Amino acid sequence: MASPLSINAETLTQGRPLDAPEGIRRALPFALGASLALALLAIRNGGGHELTVVLCAVGILAIALAAFLVRWEKLPPVAQVVVPLAYFVVVALMRDVSGGAASAFLVAVLLPVAWLAFYGTLPQLAVGLLSEAVLFIAPVALIGAPDYPSSDLASATLWLLLTGILALVVNQLIRELERSTTRSMKATEEVRRTEGVTQRIIKNANDAYISTDAAGLIIDWNPMAERIFGWTAAEIVGRPLSETIVPERLREGHEHALARMAGGGDPRKSGVINNRIELAAVDRAGREFPVELTISRVDGSERVAFTAFLHDISERRRTEHFLHAQHAIDRVLAEGASLDESLAAVVEAVGSAMEWTFGALWRPSAGGDTLSCDATWQTPDHHLEIFTAESRSHRPRLGEGLPGSAWASGEALWIEDVSIDHQFPRRAAAAREGLHSALAIPVRNGDATLAVLEFFSPLRRRRSGEMLEMVGALGEQISAALVTRESELEAQRMKDQFFALVSHELRTPLTSIIGYVDLILDGEELVPAVMRKRLGVVDRNATRLLRLVSDLLFVAQVEAGAFQLETCATDLQNVAQTSLDALRPRAAAKGVLLVDQTDQASHVDADPDRMGQAIDNLVSNAIKFTEEGGTVTVRVLEQPDGVEIEVADSGLGIPEGDQQLLFDRFFRSSNADGIPGMGLGLAITKAIVEGHGGRLTFESSLGQGTTFRIQLPAEIRNERPTREGGPAPLPLRGEAL
Amino acid sequence: MDPVDKLILVAEDEEDIRELIVGQLEGSGYTVVSAADGQSALRVAAQTYPDLAVLDIGMPRIDGLELAKRFREHRVMRKMGLIALTARGSEQDVITGFESGFDDYLQKPFRPRELSARVEAVLARL
Chain X
746 MASPLSINAE TLTQGRPLDA PEGIRRALPF ALGASLALAL LAIRNGGGHE
796 LTVVLCAVGI LAIALAAFLV RWEKLPPVAQ VVVPLAYFVV VALMRDVSGG
846 AASAFLVAVL LPVAWLAFYG TLPQLAVGLL SEAVLFIAPV ALIGAPDYPS
896 SDLASATLWL LLTGILALVV NQLIRELERS TTRSMKATEE VRRTEGVTQR
946 IIKNANDAYI STDAAGLIID WNPMAERIFG WTAAEIVGRP LSETIVPERL
996 REGHEHALAR MAGGGDPRKS GVINNRIELA AVDRAGREFP VELTISRVDG
1046 SERVAFTAFL HDISERRRTE HFLHAQHAID RVLAEGASLD ESLAAVVEAV
1096 GSAMEWTFGA LWRPSAGGDT LSCDATWQTP DHHLEIFTAE SRSHRPRLGE
1146 GLPGSAWASG EALWIEDVSI DHQFPRRAAA AREGLHSALA IPVRNGDATL
1196 AVLEFFSPLR RRRSGEMLEM VGALGEQISA ALVTRESELE AQRMKDQFFA
1246 LVSHELRTPL TSIIGYVDLI LDGEELVPAV MRKRLGVVDR NATRLLRLVS
1296 DLLFVAQVEA GAFQLETCAT DLQNVAQTSL DALRPRAAAK GVLLVDQTDQ
1346 ASHVDADPDR MGQAIDNLVS NAIKFTEEGG TVTVRVLEQP DGVEIEVADS
1396 GLGIPEGDQQ LLFDRFFRSS NADGIPGMGL GLAITKAIVE GHGGRLTFES
1446 SLGQGTTFRI QLPAEIRNER PTREGGPAPL PLRGEAL
Chain B
2 MDPVDKLILV AEDEEDIREL IVGQLEGSGY TVVSAADGQS ALRVAAQTYP
52 DLAVLDIGMP RIDGLELAKR FREHRVMRKM GLIALTARGS EQDVITGFES
102 GFDDYLQKPF RPRELSARVE AVLARL
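Taken in order, these protein sequences are the chains called X and B.
Quick note: to get the working numbering, add 745 to the position in the first sequence (first position is 1).
Quick note: to get the working numbering, add 1 to the position in the second sequence (first position is 1).
It is worth saying that the hints were derived from the structure and are not from the lab.
For clarity, every value in this text was computed on a predicted model and none was experimentally measured.
Possibly wrong hints are sitting among the right ones.
Stated by the list, open to error - Lysine to aspartate or glutamate pairs mimicking DMTMM-like chemistry, simulated, CA-CA at most 25 Å apart: (1) X:K1278 - B:D17; (2) X:K1278 - B:E115; (3) X:K1369 - X:D1409.
Unchecked claim - Computed list of chain B residues with no C-beta within reach of chain X, every gap over 10 Å: (4) S101; (5) D105; (6) V123; (7) L127.
As the list claims (entries may be wrong) - One-sided and incomplete, this derived list gives chain B residues near chain X with beta-carbon spacing under 8 Å: (8) P110; (9) R112; (10) P113.
For each residue, glycine too, the CB sits at the ideal point set by N, CA and C.
Isolated chain X (complex conformation) (with noise of 0.2 Å):
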């Protein structure tokens, strides 16, 4: 039995289905050798039944004989339980006839029992089992005939009994065995099937796929990895990545990071390993490009310590950079400042925006004849004081180096290297001071070129031509935001002008008017009263007509972001107070009355006149709207955040329709009508109020009255008006809110 136990351990070390011919042919000399004991025996015992013994040996052989030519596992299932039991009988019956020893029927009769236990199923050897015992012990038990070899009825079952627990346990330990080999078979095969899948994929894979060892030597180099860099996996496997696919500059940190990485440590916590992460990469041909890769650790290979998978992702970044460099040039361009330094904002901006390291602005000299380096802009990290001064010394005429070839041929220019090009005559500044790249992208305003611009940078950027159209469109949208900005900044201009001509045209009469009519009443006692009257009215109209000439400006000021606060730390209930003073005759004379409720000293940064400007067109909008025996109610409220003013009045309201549109400039409402306005003041109060970084609020209901409330913070936060940062235009009536 230990024959084919170790047949199936060795089988099974070596990983291949159980062989189950082998078994058999292992154990033919057994049963040859006891067919031919059996035959001898049955020979030697005589008793006229020498036939049927041979017959017996014979179809032992041809058992033992076929069970060495036929491959078992081939027959029908049945056959390899019939067999035995053919066996079997022919072994009794010999036994029977021959009246021979025990000891050789015993090694006889083992061998069907093996070879059940061998194949069987549990079932089978059962099978087999029984009819032993029928076969050997029933006719010692049922005839008893005393003359038969085995007639130790006892001794005959001990020994069934204990052939049969062997057999039982040899059979549960080879199929248990099976069962296992079985298993990790399908396992191997499937390790290898899937491992021929991986390889496909890798091979196959649309990235490039790179593993290296621990020291950073390049093990495995797929065919997206060929075409990416230019080298071959025959050319690069075995080489260190630093030497090879690594930009020369980031050589050291790329070292720095493998030994932190390979050294132990977490690496997970560095972020590198199983993040995707984007770095600077380089190809065979020296050229610089980004990439974005996922490293992966193999922890417990001998060989494979990093793998990434990686891809180039020049496209995506050139449309990020072709993005952010329109949304610059929007920007740049929407800021109001003269053509030239629009262009160097435009400059700095498209450079920053696609990742450049300086840039030069050339504009066509007087005569047209010579480009002119007008500005220049470089990275604050880099320090270019041999290329600039190249540049802005240099004088290249039509056609000449980079920015004379972009204003011939109107079209984008793009160099690999200039530092290597003999076309371009700065390229000994710019080999000494590590530029290679560089771009120029003409402006032109149809025939015209407005500019050129002109980028630089130390990397090798690989040229392509969706970059180039995309550049070409870059320096389309500059000129035509060029041209609609300049007609936009002329008729800003000619406003402007128009305003400041009015505004000293009307204040130089009103100026004589005033002064006179003031020089005249202050001589007192030369005025007749009924004169001093007279031009009293005068006075206050020409006064009046200044405060108009005033309010226009300011809303021209306001309008051009020229406005300015002149804050200090300011207590509003002075200011109030002052405004209210002021106002007191006019309500009066209108039998208002002027509610003061302004008791608490409030301090705030604000501008004094400004504030007294807007709280003034509140107190004087509120009497105005205000019937005789109404009142005006002016409260200064300290709030935990700033200060609240608020001016209430018992007056006409607000017709709801008109509400939204009460901010308006020049809007006046319904039932304004009678009431002397342009429909500037609360326009100015908002744009005060704003600019103060605060907010103008109002609630009203016809016929009960309006209340505005100025909300101000304690501190301005640098809201200072300017073009962008200050209060939105004063919208226009009918504009929307």
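We have chain X; now place chain B onto it with these hints.
Then chain B, alone, in the frame of chain X:
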């Protein structure tokens, strides 16, 4: 301080306003010399060495800002009191800057009495 001791230069191109200022200041007791443009203002100043000048900013050729600069650069006249007359908001921003050299400014239109008050105040500080 007696106003009669003080000589004031008025530079203003608008005749009406110039007369108004001269009238007001003379009424206040000052001695007044006047000029209708920057050029003659310089000449008059060089001949008379006034104690204070009221300068209109918006004058043709040499404007009030330029005049102030020249006075401040002058060896003797740099101590002169300077008051600006402005008409435009934009001029005010320049005048209120420290480097303009003006001691005070008045925005047009102004009350003649206020001019006298400002003149008196600036002279008192000299």
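Handout entry: Violations among the numbered hints, reported as their numbers in ascending order
Key = none
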